[in-house]
Amino acid sequence: MALSKKTLTQMYETMNRIRMFELKLQELFAAGEIPGFVHLYLGEEAVATGACSVLTDADMISSTHRGHGHLLAKGGDVKLMMAEIFGRQTGYCKGKGGSMHIADLNLGILGANGIVGGGGPLAVGAALASKYKHSDNVTLCFFGDGASNQGTTQESLNMASAWKLPLVFVNENNGYGISCPQCKSMAVVDIADRAAAYDMPGVVVDGNDVLAVQEAIAEAVKRARNGEGPSLVECKTYRWRGHFEGDACTYRCDQELKDWMEKDPIPRFEAKLLENKTLTEKEVEKIKARISEEIDDAVAFAKESPLPPVSALMDDVYA
Amino acid sequence: MSEKTYLQALNEALRQEMEQDENVFILGEDVGQFGGCFGVTQGLFDKFGEERVIDTPITESAIVGAATGAAFSGLRPVAELMFVDFIGVSMDQLFNQAAKMRYMFGGKSTVPMTLRMPQGAGIGAAAQHSQCLESWFMNIPGLKVAIPSTPYDAKGLLISAIRDDNPVVFLEHKMLYGVSGEVPDESYTIEIGKADIKREGSDVTIVATSQMVYTALAAAEKLKADGIEAEVVDPRCVLPLDTETILESVKKTHALVVAHEAVRFAGPGAEIAAFVAEEALEYLDAPVKRVGAPFCPVPFSPPLEQHYVPGVEDIVEAVKSIR
Chain A
9 MALSKKTLTQ MYETMNRIRM FELKLQELFA AGEIPGFVHL YLGEEAVATG
59 ACSVLTDADM ISSTHRGHGH LLAKGGDVKL MMAEIFGRQT GYCKGKGGSM
109 HIADLNLGIL GANGIVGGGG PLAVGAALAS KYKHSDNVTL CFFGDGASNQ
159 GTTQESLNMA SAWKLPLVFV NENNGYGISC PQCKSMAVVD IADRAAAYDM
209 PGVVVDGNDV LAVQEAIAEA VKRARNGEGP SLVECKTYRW RGHFEGDACT
259 YRCDQELKDW MEKDPIPRFE AKLLENKTLT EKEVEKIKAR ISEEIDDAVA
309 FAKESPLPPV SALMDDVYA
Chain B
946 MSEKTYLQAL NEALRQEMEQ DENVFILGED VGQFGGCFGV TQGLFDKFGE
996 ERVIDTPITE SAIVGAATGA AFSGLRPVAE LMFVDFIGVS MDQLFNQAAK
1046 MRYMFGGKST VPMTLRMPQG AGIGAAAQHS QCLESWFMNI PGLKVAIPST
1096 PYDAKGLLIS AIRDDNPVVF LEHKMLYGVS GEVPDESYTI EIGKADIKRE
1146 GSDVTIVATS QMVYTALAAA EKLKADGIEA EVVDPRCVLP LDTETILESV
1196 KKTHALVVAH EAVRFAGPGA EIAAFVAEEA LEYLDAPVKR VGAPFCPVPF
1246 SPPLEQHYVP GVEDIVEAVK SIR
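Top to bottom, those sequences are chains A and B.
This note's numbering puts the first residue of the first sequence at 9, with every later residue one more than the last.
This note's numbering puts the first residue of the second sequence at 946, with every later residue one more than the last.
Quick caveat, the hints were computed from the structure, so don't treat them as lab data.
Just so it is clear, CB atoms sit at the ideal spot from N, CA and C, and this is done for glycine as well.
Each hint can be trusted.
Between beta-carbon pairs, the in silico distance windows are:
(1) GLN978/B - GLU35/A: 57 to 67 Å
(2) MET322/A - GLU1227/B: 26 to 36 Å
(3) ILE1003/B - GLU301/A: 48 to 58 Å
(4) GLU236/A - LYS992/B: 23 to 33 Å
(5) ASP1000/B - GLY40/A: 47 to 57 Å
(6) CYS257/A - PHE979/B: 46 to 56 Å
(7) ASN114/A - LYS1139/B: 28 to 38 Å
(8) LYS1139/B - PHE45/A: 34 to 44 Å
(9) GLU35/A - GLU1223/B: 41 to 51 Å
(10) GLU1227/B - GLU35/A: 55 to 65 Å
Same shape as in the complex, but just chain A (with noise of 0.2 Å):
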């Protein structure tokens, strides 16, 4: 189905909204300005993009520890985030989660999650949610390489399948759960083989091509929506960074990220849209400068909050 220019140009922004906002992460990690852990999703944007692309606000997503890109596809707001990732009070979870527990339930953002696998039976209660309501909203549920080998996840697609659930199983196969290859982690080479196991449809795509990615998560986004039940669909992509900010990453060669860092897929997929004149360089140009502008401010702004005041410690625990 071919894409509308306001859509292609959403996408388009949106990749470019997740590169600028973890280069510039990367930038401020390294000046020591943000505590903590940061897991950067460089080289990740067109899963999140394409995946998101397909989705209503009432849709949900269920994210990971590298979850930025989930959420800014999903409509994250860029300064609430980033004045969490900087742990102000003005951020999205009053400085309390950080990068690895973004939520927007407004926006179907069930959270990003710290632990590897903890999402998928908190996405399998979202779409239970969603069919006993007899709303047709989707779940989305990211998951890497690595969870992709958790119980959890394995009892996840199971439940989903055997309930017929409306949940789609996006796999972020980026080639590493750490530092662990997948060669060693596990004998399949697509892990989308593993939805045969329940009887569901497992479909390998490019992740390093948006409208690839796109057109998977359409179908079975679709399927879904039908009361079909779940899909699982692998992207084949890459971690650009190391594991976490400040991993050396001696695990793996730098020809390897090289050959990588080539399929880039920001100017493969600006290349198409300049070469079918959906956009032109000037349009290029302008959502660029203005993206980066919008990065900016949302750091000004992170910079210029508060602090949490120690007095809002015990607030929260319960309702």
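Once you have looked at the hints, place chain B on chain A.
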């Protein structure tokens, strides 16, 4: 008001809550037609159908996690694990997900999920089906932990748990399912975190939970023959713990024995003894005594199992050592 068993009281609580709120549903292993491992959900499948009484695969992580996900998507699930011992399989979904969500998300979510789990020794089920694990849950901010002893408390606390916007771990003792007592037919609630004085007395406070409440009451009758009047305080919930009622009682009786079936070492009694020592040491005429299970797995063979569970004599002896 009529006589009902603890099991019937729980069943009635579930039925009445499902009748009054369509967002309440049940999920767990064999909770449907089978009626639950111990029969607590009996008849609910026929009444409410498979969409509201959902049989799950035997996958505890997915059960607890799905209940959590459904809870923050606007439903009020009541999940059942067949035995509390299986919580280890799904602990991450309980303590890292359900319990932490609200705080981590800056107060923007609620997790109105109830997790029912039978615990305790007494049916010859051996070490992996007989533990009392309330002290695990007591150590997790974000959870509430109810541990009712009577049919009356079981019904009122379960209704409160279902209506609570926090994840509530609801610990039933499997030896109590057949115990009868007066239970109102109508729906009612009992405040989560409010203790109940099961017997008034002036000479010693016995704080006892779950099945140990009956053991403590029997001990109190024995002690009466020796002229010792014991007050039996049932916290009914160990998180939040009604420290106020316990302190008031200790200030009146000047002596404290804590009795629970969980292992004594680092059990709930350790916390109770410690806060009483901090808050009311000057009221105590003698050291606090704790009665709990020995530090070993629950044994299988009947004489060993019976010996494992603290008995009336253990409580009598503890009281007499300080009174």
